[in-house]
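Taken in sequence, the protein lines are chains P and D.
When you line the first sequence up against the working numbering, it's residues 14 to 287, in that order.
When you line the second sequence up against the working numbering, it's residues 186 to 603, in that order.
No lab work stands behind these hints, which were simulated from the structure alone.
All of these numbers come straight from a predicted model, not from anything done at the bench.
Yeah, the Cβ is synthetic: ideal placement off N, Cα and C, and Gly gets one too.
Please note that the accuracy of each hint is not assured.
[Unchecked claim] Computed list of lysine to aspartate or glutamate pairs in DMTMM-like fashion (alpha-carbon distance at most 20 Å, straight line): (1) P:51 - D:353; (2) D:332 - P:40; (3) D:255 - P:285; (4) D:332 - P:285.
[Stated by the list, open to error] Derived CB-CB ranges, DEER-like: (5) P:226 - D:234: 40 to 46 Å; (6) D:234 - P:84: 50 to 56 Å; (7) D:314 - P:67: 50 to 56 Å; (8) D:223 - P:256: 25 to 31 Å; (9) D:220 - P:207: 50 to 56 Å; (10) P:198 - D:516: 24 to 30 Å; (11) D:262 - P:207: 32 to 38 Å; (12) D:220 - P:198: 19 to 25 Å; (13) D:399 - P:31: 33 to 39 Å; (14) P:31 - D:314: 40 to 46 Å; (15) P:256 - D:221: 34 to 40 Å.
[Unchecked claim] Some but not every residue of chain P turned toward chain D, in silico, with C-beta under 7 Å: (16) 20; (17) 41; (18) 55; (19) 57; (20) 123; (21) 126; (22) 128; (23) 130; (24) 196; (25) 200; (26) 204; (27) 278; (28) 279; (29) 284.
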Amino acid sequence: MSKTTIIQPPKRFISLVSWSELWAYRDLLMFLTWRDIKARYAQSVLGIGWAVIQPLFQMLVFTLVLGKMAGIPSDGAPYAIFAFVGLLPWTFFANALTGSSGSLIANAGMLNKIYFPRLVMPLSATIAKMMDFVIASLILIFLLIFYQKLPSIYVLYAPLLILILFMTAVGIGCFLTALAIQYRDIQYAMGFGVQLAMYASPVVYSSTLVPLEWRGLYAMNPMVGVIEGFRSIFLNTIEFPLTWVLQGFVVSVILFICGILFFASRERVFADVA
Amino acid sequence: MSPREESSLAIKVETLSKAYRIGESRTKQDTLTASFLRFLSYPFRQFRAIGKLNTYSSAESQSNTIWALKGVSFEVKKGDVIGIIGHNGAGKSTLLKILSRITDPTEGCVQINGRVASLLEVGTGFHPELTGRENVFLNGTILGMRKSEVSRKLDEIIEFSGCAQLIDTPLKRYSSGMKVRLAFSVAAHLNPEILIIDEVLAVGDLEFQRKCIEKMNSVASNGRTVLFVSHNLSLVKSLCHRSIILERGRASSLLETEAAITQFMRSLQANKMEDVHDSEFIKKVRVKVSDAPKRDIYTGDCVDIELELMIPKDAKSFSIVGGVMNHYNTKIFTIGMSLDPKLGEHSIGGDRTAVCQIENFNVSSGRYRIALVLSVDNQDVERLENAHFFDVHESNFHRCRVSEPPGVVQCRQSWKIV
């Protein structure tokens, strides 16, 4: 029995994601991710080494300027590794947003020539950045050995933290991608928007600097739970911030669902507005 | 319609329409204040304009929407090979885009039974930094194949492309012809029930084009449903059983390809039947049969092509070269003469009539045109691309009627059974 497809004008504002279709295109997701990774580092001397260089140099600069010169407190951990544990997830998050929001525009030619579940594009861009995250994590292991730090038992929460990170990146990424294909302003705003957002997350400072009465609102940013969670696990800075993590998890699930639903409802017009 | 008939359909298109928004003409401001206010409100207007790019509401003024397709309906049976022909901007690409789910229709509905692969372009998603092999996998999965499916056909694909030597080299080192060959090879190994193809065959060298057409033919004869859009009418003719003409967003009914092409050519040349008039040296061109000027002649007629010429007074020689073209713009044969009296002083200038007698005008039915070049003293003085149009009709030239298309020319033949 062959399958029947009905093509009609879009009826409802909200449309759902066809997961079965996305599953059928999983090989495409894999190859697009592979293309992203390979093409990015092709014909460069350091190749994938660049994934390490960005957070590493940022760590050096922040340690020098904020750690040594400004003397920002780092909850008892050496500032260098304190900053690196923040920069590691943040670099992934920032690159994933930039990568996915540009993915459709960069592949506008493909949008106009062939049908595939459009969600594959921002997803593959995000997963490709996950690769950098994994590579840069190796540096963290070196730093942990160097500073002789042992992860606490809360390391069991690490997969949850990574899930929060990924869902937030995909959710916001999908939202921005769907907007960026129609309003190119998004692309221009990405650069400094991401930079501003960095200061709304405890990347280069500690959440303990945030006034107590604002912390509940502050932790609505899922990155707070993720970064402070990692710091607690690896650096033993503060008690594991379970409330922040759970709060971040709820927010990230909402972001993930809303982002993907928004993307799905805009998906059908991409070819017309690209 | 009974369920049985329904299931024998591959594609059913019902009153399909697609509206596009076109740019609004801008009103110019003539005061400084007005220009400044306009400048300030630019982001708001822009926001509204971009937001409306993809919407259509019938309540709005129709002035800035165009209908790329309007009320198109047709049905394609399983195993049919259908051509879609039309001018540029007739809506062919829009139709294909809707059928391949790239864009949504504004109105109407399409029902497709079976797995569709659409080739609106070859080599979609190719990346110059990846090797040929990686690009085959990437392109294959973009076209909807599974990885295992590509792996299985990989050798065949590489073999067909003729790029085996370079398959592990980055694509950017390939010549453009090789890229296209690799791309087509992937596409050719798709195995869908319904194939939608835009003009992708005009690629590669002659040898590769021949291979492509062979492959297309085998796909078509394998009982698969094919929708084929092309400007190459002879290709449509050789591949497609039946065709649809699109004209300004409206579709004709399904016609036999031969009839569709003839109808299309007529609409194309409806206003072109007029011969060139304002020519200086070639005053008139006529086609005569038994001394009577004719626009309609029959295959096998004895035809005179008569040219009224005005040769300059001091001309010492002149020649005429020309051709008879069919409606695919293929030159069927050349006509030509040269007059070189070698008398030196004796001028041949003045009004002359040249008659070219063609014993058996053995060309098949269709519209033809005569193109002419007149040279005087070895200098081209006049070139007429549309010197004259005429129609040739089928006669009972053949003793037996064969169902095959007659071909470009017909030879008088006699048979002996021994």
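Evaluation of the provided hints:
1. With a C-alpha separation of about 14 Å, the suggested pairing of residue 51 of chain P with residue 353 of chain D holds against the 20 Å cut-off.
2. Among the hinted pairs, residue 332 of chain D with residue 40 of chain P is consistent with the structure: their alpha-carbon atoms are about 6 Å apart, no more than 20 Å.
3. This hinted pair checks out: residue 255 of chain D and residue 285 of chain P have alpha carbons roughly 17 Å apart, not beyond 20 Å.
4. In summary, the hint linking residue 332 of chain D to residue 285 of chain P is not supported, as the alpha carbons are separated by about 30 Å, beyond the 20 Å threshold.
5. Between residue 226 of chain P and residue 234 of chain D the beta carbon distance is about 44 Å. The supplied range of 40 to 46 Å therefore holds.
6. About 52 Å separates the C-beta atoms of residue 234 of chain D and residue 84 of chain P, a value consistent with the hinted range of 50 to 56 Å.
7. Between residue 314 of chain D and residue 67 of chain P the Cβ separation comes to about 21 Å, which falls outside the hinted range of 50 to 56 Å.
8. In this structure the supplied range 25 to 31 Å is violated for residue 223 of chain D paired with residue 256 of chain P, their Cβ-Cβ distance being about 52 Å.
9. Between residue 220 of chain D and residue 207 of chain P, the C-beta spacing of about 36 Å breaks the proposed range 50 to 56 Å.
10. The hinted range of 24 to 30 Å is not satisfied by residue 198 of chain P and residue 516 of chain D, whose Cβ atoms lie roughly 55 Å apart.
11. Here the CB-CB span from residue 262 of chain D to residue 207 of chain P is close to 55 Å, at odds with the stated 32 to 38 Å.
12. For residue 220 of chain D and residue 198 of chain P, the hinted distance range of 19 to 25 Å is satisfied, since their beta carbons lie about 23 Å from each other.
13. With their beta carbons about 37 Å apart, residue 399 of chain D and residue 31 of chain P fall inside the hinted range of 33 to 39 Å.
14. The given range of 40 to 46 Å is broken by residue 31 of chain P and residue 314 of chain D, whose C-beta atoms sit roughly 31 Å from each other.
15. Between residue 256 of chain P and residue 221 of chain D the Cβ separation comes to about 53 Å, which falls outside the hinted range of 34 to 40 Å.
16. The beta carbon of residue 20 of chain P comes within 4 Å of a beta carbon in chain D, closer than 7 Å, and the hint placing it at the interface holds.
17. Because the smallest distance between the Cβ of residue 41 of chain P and any Cβ of chain D comes to about 4 Å, under 7 Å, the interface hint for this residue holds.
18. With its C-beta approaching chain D no nearer than about 4 Å, residue 55 of chain P sits inside the 7 Å limit, and its interface hint holds.
19. About 11 Å separates the beta-carbon of residue 57 of chain P from the nearest beta-carbon of chain D, more than 7 Å, and the hint is not met.
20. Against a cut-off of 7 Å between C-beta atoms, the interface hint on residue 123 of chain P holds, since the closest Cβ of chain D lies about 5 Å away.
21. Taking 7 Å as the C-beta contact cut-off toward chain D, the hint placing residue 126 of chain P at the interface holds, the least distance being around 4 Å.
22. Look at residue 128 of chain P: its Cβ gets to within about 4 Å of chain D, closer than 7 Å, so that hint holds up.
23. The criterion of a C-beta within 7 Å of any C-beta in chain D is not met by residue 130 of chain P, whose closest approach is roughly 10 Å, and the hint is violated.
24. Checking residue 196 of chain P against chain D by beta carbon gives a least distance of about 6 Å; that is within 7 Å, so the hint holds.
25. Among the interface hints, the one on residue 200 of chain P is violated; its C-beta lies about 14 Å from the nearest C-beta in chain D, farther than the 7 Å criterion.
26. For residue 204 of chain P, the interface hint is violated, the least distance from its beta-carbon to any beta-carbon of chain D being 19 Å, above 7 Å.
27. With a cut of 7 Å, the hint placing residue 278 of chain P at the interface with chain D is violated, because the nearest CB-to-CB distance is about 12 Å.
28. Interface restraint check for residue 279 of chain P: the shortest CB-CB distance to chain D comes to about 9 Å, outside 7 Å, so the restraint is violated.
29. The closest approach between the C-beta of residue 284 of chain P and any C-beta of chain D is roughly 5 Å, which is under the 7 Å cut-off, so the hint is satisfied.
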